[in-house]
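**Student:** If you want the building blocks of each chain, they are given just below.
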Amino acid sequence: MGGVVNAAAYAGGHKVRDISVSEIGDVLRQPDQFVWIGVQEPDEALLQSLQQAFGLHDLAVEDALRAHQRPKLEEYGDSLFVVLRTAQLAGDGDGSGRVAFGETHIFVGPRYVLSVRHGPSVSYTEVRARCESTPSLLRKGPGFVLYAIMDFVVDHYFPIVDSLEEKLEGIEQEIFGGSFRPEMTERIYNLKRDLLALKRAVSPLMEVCNRLVRYDVALIPEDTRPYFRDVYDHVIRINETVDTLRELLTSALEANLSLISVAQNEVTKKLAGWAAIIAVPTMVAGIYGMNFHHMPELDWRYGYPAVIGVTLAICGALYASFRRSGWL
Amino acid sequence: MGGVVNAAAYAGGHKVRDISVSEIGDVLRQPDQFVWIGVQEPDEALLQSLQQAFGLHDLAVEDALRAHQRPKLEEYGDSLFVVLRTAQLAGDGDGSGRVAFGETHIFVGPRYVLSVRHGPSVSYTEVRARCESTPSLLRKGPGFVLYAIMDFVVDHYFPIVDSLEEKLEGIEQEIFGGSFRPEMTERIYNLKRDLLALKRAVSPLMEVCNRLVRYDVALIPEDTRPYFRDVYDHVIRINETVDTLRELLTSALEANLSLISVAQNEVTKKLAGWAAIIAVPTMVAGIYGMNFHHMPELDWRYGYPAVIGVTLAICGALYASFRRSGWL
Amino acid sequence: MGGVVNAAAYAGGHKVRDISVSEIGDVLRQPDQFVWIGVQEPDEALLQSLQQAFGLHDLAVEDALRAHQRPKLEEYGDSLFVVLRTAQLAGDGDGSGRVAFGETHIFVGPRYVLSVRHGPSVSYTEVRARCESTPSLLRKGPGFVLYAIMDFVVDHYFPIVDSLEEKLEGIEQEIFGGSFRPEMTERIYNLKRDLLALKRAVSPLMEVCNRLVRYDVALIPEDTRPYFRDVYDHVIRINETVDTLRELLTSALEANLSLISVAQNEVTKKLAGWAAIIAVPTMVAGIYGMNFHHMPELDWRYGYPAVIGVTLAICGALYASFRRSGWL
Amino acid sequence: MGGVVNAAAYAGGHKVRDISVSEIGDVLRQPDQFVWIGVQEPDEALLQSLQQAFGLHDLAVEDALRAHQRPKLEEYGDSLFVVLRTAQLAGDGDGSGRVAFGETHIFVGPRYVLSVRHGPSVSYTEVRARCESTPSLLRKGPGFVLYAIMDFVVDHYFPIVDSLEEKLEGIEQEIFGGSFRPEMTERIYNLKRDLLALKRAVSPLMEVCNRLVRYDVALIPEDTRPYFRDVYDHVIRINETVDTLRELLTSALEANLSLISVAQNEVTKKLAGWAAIIAVPTMVAGIYGMNFHHMPELDWRYGYPAVIGVTLAICGALYASFRRSGWL
Amino acid sequence: MGGVVNAAAYAGGHKVRDISVSEIGDVLRQPDQFVWIGVQEPDEALLQSLQQAFGLHDLAVEDALRAHQRPKLEEYGDSLFVVLRTAQLAGDGDGSGRVAFGETHIFVGPRYVLSVRHGPSVSYTEVRARCESTPSLLRKGPGFVLYAIMDFVVDHYFPIVDSLEEKLEGIEQEIFGGSFRPEMTERIYNLKRDLLALKRAVSPLMEVCNRLVRYDVALIPEDTRPYFRDVYDHVIRINETVDTLRELLTSALEANLSLISVAQNEVTKKLAGWAAIIAVPTMVAGIYGMNFHHMPELDWRYGYPAVIGVTLAICGALYASFRRSGWL
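Protein chains in written order, with the working numbering: chain U, 4 to 331; chain F, 4 to 331; chain G, 4 to 331; chain H, 4 to 331; chain X, 4 to 331.
Which copy? The list can't say, so a pair holds if one copy fits it or any two copies do.
Straight-line distance between alpha carbons at most 35 Å, and here's what the computed DSBU-like set of lysine-lysine pairs gives:
no. : residue 1 : residue 2
1   : Lys143    : Lys202
2   : Lys75     : Lys202
3   : Lys143    : Lys75
4   : Lys18     : Lys143
Read the hints as simulated data drawn from the structure, not as lab findings.
Excised from the complex, chain U in its bound form (with noise of 0.2 Å):
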C-alpha cells in the first residue's frame, strides 16, 4: 500500500516534470530546480535511498520510519524536519464518530520538499494542485510548500472542532432537557479523551509555528513569514476553542452531578410524602384491629365510614399540604 504517492522537479513556480526516486540526483544537479516528493508508510529501503538522495540525519529518518512523534520542529544543518499530526473524523459523519489521528514528516532542504505520510490523512495531491495554479507562490520555493502542507493540515482541525462543540451541545441539551441517561457519563468522558488528543496534536504546532515565523533562515524567505503567521494565528484559535471546551465540558459534567443530586432530593422527598399519607390509614386501621373487648366506636352504627372519612380527610390534608411546601 505504501510507497511514493507523488513526485516532481519544479522550476520557477511551475512543475517541469513528474520524476522517479532515482532522478532526485538529476533534477538537485539543476541549481534553479527544487523536489517534491510525497510518500505514504515507506518501507525501510524507500526512505533509505531518499535519505542518501536527500542527505537526510540518521536521528529524523528514524523517526520518520517509527511514527509515534508529537508535533515538533528540528533543524538539522539548513534543513528543517518538521512533524504534524493529522486528524480526521471516524465514522460517517454523523456526529458520533471518535477522532483518528495520523502523522506527517516533513523534510525540508533549500532544494526539496519530502512528506511522509503515516496512518490515517487525506492524501496532499490537493495542496500540490493549488501550489502548481498560484505559480507566483510556489515560485517562493520549498519554504512555501511547507506553509501549504501546514495550512491544509491545520484548516483539516476546523470541521474537527466544529464537531466536537456540536457533541458538547448535544450534551448540553441533554442535561438541561431532563433527559438524563447513565451513557451521557460515558460520552462526557470520550469528549473530554478526544479534546485532550487534539489539544496534544494542536498545542505544540504553536511552538513550531511561532519559530517559524521567527526564524530568519534562508529557506523560509522574508515575505512567506506572514503566511506561517497565519497558520499559527489558526493554531492558536484551535487551541482556544479546544481549552474553552474542556472547561464547558468540566462545567457540564459539574452541572450534571447538581441536577442528579436535586433529582436524589426530589425522590427522597415524594417518598418520604407518600409513605406519610399511606403510614396514616395503616396506622388507624390497626388501631381499630385491636381486639379490646370495650372500644366503644366499634359498636357505633357510622364507625367504619367516620373513621374511613377522617382518615381520608387527614391524608388530603397532608397531601394538601405536602404539595403546598413543594414535597410533591
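Dock chains F, G, H and X against the given chain U, drawing on the hints supplied.
**Tutor:** Only chains F, G, H and X this time, still in chain U's reference frame:
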C-alpha cells in the same frame, strides 16, 4: 445592508470633506491629509477596491472578509491590522439577555484608517463625532483614531460586565435565600458560558494593547502611548473582574451543591423521625390485634384508652426528643 | 464633605508653613521646597486647579476624578501616578464585619505630592505627623512621602488579614466541632468573596512595589529603595497569607461536604436499623392477628407472653448486633 | 553484592582492554584514551578510590553514596554530574505490578565516564555492547556515552507508561461496564501515585536534557547535540503522556462518582416504588381487619375476592405507571 | 531567657577566643579575623548595641526584632540579611504532633556573622562545633558560616517531611482499610494545614538559594557556591515532596468521599432489601387478618402452616435473589 458607512479626508485635526471610495487616491496624493473610512459587512468587490487603494496585504483582507478571527494585532510593513471583538447585550436590557459578539477589523496605515464591522455592533459614527470635536487630539493622526475606536469598543464591555455581575448577585440571593430551583443550574452554566466568551474577547486584547504601548513606530506617536496605556488598563480591569466572577461562580456552584446536600440530609432526617413516630402505634396496635385467647389486657375495662394513652405518650416523647436533637 | 484636608510646604525635612491651593505656584518657585497636599473626594473644579498648578496629565486626572481604578503605577514624564486601594473593616470590630474598600490616588513629582482619597479610608494626617517627626527621612523628598503613604496603607491590611484568619478559624471550629449549621455555607462564601477582593487590592501592588524598588529615577533616591523593598516584602507576605487562606478555605469547604456526607450516612444507617427493629414485632403481631381457625399457638396458655418475649429477644439481639457493627 | 561491574579503557571508538580500578591512573596518562567504569551500590572505600582517581568533588560523591537524589545536572569545573531515576515494573509483568524506582549517578569528565547504580535497575552492559558495536559514534567520547546511558534509561520508561495506560483502560472499562467494585477507588489512587512518582522522575529530566542540548562545552561535541535533543524529545513525550493520563484519571474518578450517584438514585427510586406498591395491600388489609360491627363489605359473598382483585389492580396500575416513568 | 548564646572571634579557620559584645570593635580592627555571634530572642537594647557594632540597617534590625517575616534575602550595601524559618515537630515524636515554626535572622558582612533566633528552634552550637572541626572550610569565612547554618536548618526539614509522609500513609491505610472514622476529615485537614505552612517556609528558600548560587560578591567566594547549590537542591527536593504530598492528599480526600458514597449506597441497598423481605409477610398476615365472613382459606385445616410456608419461601427467594444481585 453592507457597504461604506462613512468616508472622509482629514487634515490638521479637521475634516476636509466627505469622499467616495474612488476619491481615496486623490486624498493620498495630498501629503498632509489622511482618510478614515468605515464599512459594514462589505462584499468582496468593495474590499478589493479598498485593498487596491490602500495596498493591503492579501492575508489581512481575507481575514476581514471571513470574520471569525480572534482579537489580534499584526504588522504588515509600516501598517497595522487590528482585530477586535465587540460585545452587546442581546435582549431587552432587563438583565436576562445573553451576550452577542461582533467583530471589527481595523487597517491603519500612515495615511489611512479603515474599519470593517461584522455582526452585531454599534456604529462608530459617535467615535468620529467625538474625534472631530477635539482637533488637538485628532491632529495626532491615524494612530489616535485607532485609539479612539479601541477605547470605544472596550468601554462598551463595562455595562456587559456589570450585567454579568448582577446575574451572579441574583444567583447568590436565590442560593442563600433558600429558594432553590433546578433551572438555577442552567443559569449558572449559561453565565459561565458568557464569562468564557467575554474572556476570549478581552484577554487577547491585553497583549494587543501592551504591544501598542511599547511600539516604537511612527504610526503611534510618542504622546499617543499614554492613551493606549489607558485602554490597556481598562482591559486588565475587565479581565480581572471576569476572572473574579468566574471564581465566585465556581464557589457559588459549590455552595449550591453543599446546600442541596444539607437539604437532602434534612429530608432524610425528617423522614426517619416521622417514620419512627408512626411506627410505634402501628406496632402496638398490631400486638393488641393478635388473636391469642389469653391476652389479659384485652379484658381490662380501660385497656383500650390506656393503650392509646401510653402510645400517644411514647409518640410525644419521641417527637420532643427528635425536636431537641434537631431531626424534626 | 470633600476638599483640601491638608496642604503644606516643606524644606530640608521641616514644614515651612501651611498653604492654600492658590499659593502652590509661589512654593514651586522656591527651588528647595516641595508641596504636600491631601484632598478628599475633590470636585472637578478643585482637581482642575490642582492639575494646572502641578501640570498633571489629562488621563491621570480623569482617573482620580472617577475612582474605581485598580492599583497601578504610571509614569508621566518625570512624575508618577500611583493608585492604591485602602481597606477597612466595616462594622463594630467584633470580627463579623465585611471589608470595605476605598481608593487613594497619589501624584508625585520632583517638587510635589498630591494624595486624593475616595471612599472609606483613614486620613493621612497620621502619616504627615510621623514624617514631620523624622526630618532626616522627610528630607529625602516626595519619594519618601510616597513610601510613607504606601507603608501606611499596606500596614492597614494586616488587621484585616488577621480578622479573616479569625473568621476561618471560627469556621474550622464549627465544622470540626460538629455543630453544622446551613448558614455556614454562606459564611464560607462571603469569606471567599472578601479574600478575592483583598487579593485584587493587594496583588497588583506587588508589581507596583517591584518597579519602585528597581526604578532608576531622581524621584526615588538610591537610599529610599530599601524602604520600598520593605513595603514590597509586606505586600508579598499579605498576598501569601491570602493565598493560604483561600486554599485552606477550599479545603474547609471540602471537609464540610465530606462531614455532611458522613452525617447523612449515619442518619441513613440509624433509620435502617430502627426500621428493622420495629418491623419485626409488627410482622409477628400481624401473623398472630390472622384469622385462621386452626392456629394452635393462639390456644396456648402462655402463647401471648411467649410471643412477646421471643419478639423482644429478637429485637434485643438486633439492637446489640447493630450497635456492634456501628449502625446505631 | 555491589562493586565494579565493568571497567574498560577506550581509544578511537574501540575498547583497548578491561582494567581494574588501580589501573585508572595509567589510562588517564595516555592522552587519547578514556575510561568507562560502571559500579553498583559501591561502598565508601570504592567511591573514595574512584574520587581520588578522577578528582571528583566531595559534594557529588556524597550524593552518589547516599542516593535519594532528584534527577539533576551539575557542573563541577569541566566535568558533569548527572543523576537519573531508573524505573522498572515490579511484579510478574501481568500489568498488576507497581513501579519501582532506582537511581543512576553519572560522573562525566573529558577522559572518563563513571556510572553508579542504586536500587532496582537494569545493568548497562547492553549499552556498552551497543556503543562498542558502533565505533563511529563511540569515537565522539564520554559525551556520547552519557547520551547512550540517558537514552537507555529514558527508553525504559516507555513500557512503564504503556502499562499505566493499560491500567487506566482497565479502570475505564470497569467503570463504564457497570461492574463497580469498591477496590476500584484504591486502584485509581495507586495509579495516581505511580503517575506522580513517574512524573517526579521524568519532569526534571526535561531541564537536564535542555541544558545538555544548549551546552557549549568541549565535553558535548557539536555533533552529539542532536542526540541529546532526541532524548529531550522522548522525555517531553513521556511527560506529556503522563500529564494526559493524570487528567484522564481525574475525569475517570469524576465519572465514577457520577455513576455511583446515579446508581444510588436508581436504588432509591426502586425502593420508593416497591415500598409504595406493597404499602397499598397492607393498608387495605388493615382496613378490612378493623373490628367495627357494622362493616357491610365484610358480609358480602364476594367481598374477599373483590377486595383482593381491586388491590391487585391498583398494584398493577402503580407498577405500570412506575415502569413508564422509569422508577422501576 | 534571651540574650547572647555564643560569641567568638575566628581567624584562619580556627577560633581565636570567646568574646563579649563590647569586644566586637576590637576584633573588627584585626583585619584577618571575623566575629560569629549567636543571640536568642534579644531585647531591643542588645540589638541596638549589635547594630552599632556592625553598622546594620534600621529596616533589617526592625525585622529581626519583630520576627514574623517570610524567608528572604536582602542586600544592604556589601552585607546580606537572610531570614529563615526553622521547623520542629511539636509533641513527643510519636508522629501525632503538629509542626511548630521558629525564625532565624542572619546578618552576614565581610567580617561578621550574626544569627538571631526566635521561637522554637534548635541551638546552632552544633553548627559551630562542626565548622570548628573543619578549619579548611571555615577558613572560607562568613559566607561559609551562612551556608553551614542554612544547611543545618534545611536538613531539619527532612524528618518533618518524613513524619508528614507517614501521616499520609496512616490516612491511606485507614481509608482503604475500610475503618472510616469521622475524625479522619479533621486529620486530613490538619495535615493539609501543616503542608501549606511547610510550603510557605520552604518555597521562598528556593529563590534565596538560587540567588546565593549566582551571586558574584566577595562575601560568597567562588568555591563556596557548590555548597549553596547543594542546599538549593535539598530545598527543591523538599518542595517537590511537599507538592506531591499535597496532590496525594487531595486524591485521598476524593477517594475518601467516593468510598463514603459507595458505603452509603450499600446501606441504602441493604435497607431496601430487608424492607422488601419483611414487608412481604407483613402484607400477607394483614390479608389473612381481614374480617371477611367468606374467606375459605381461613377454614382450611392446614391454611395457617401453608401460608407461613409460602411466605417463608417467598422471603427466601427474595433473599437469594438480592444476594445474587449484590444488594444484600
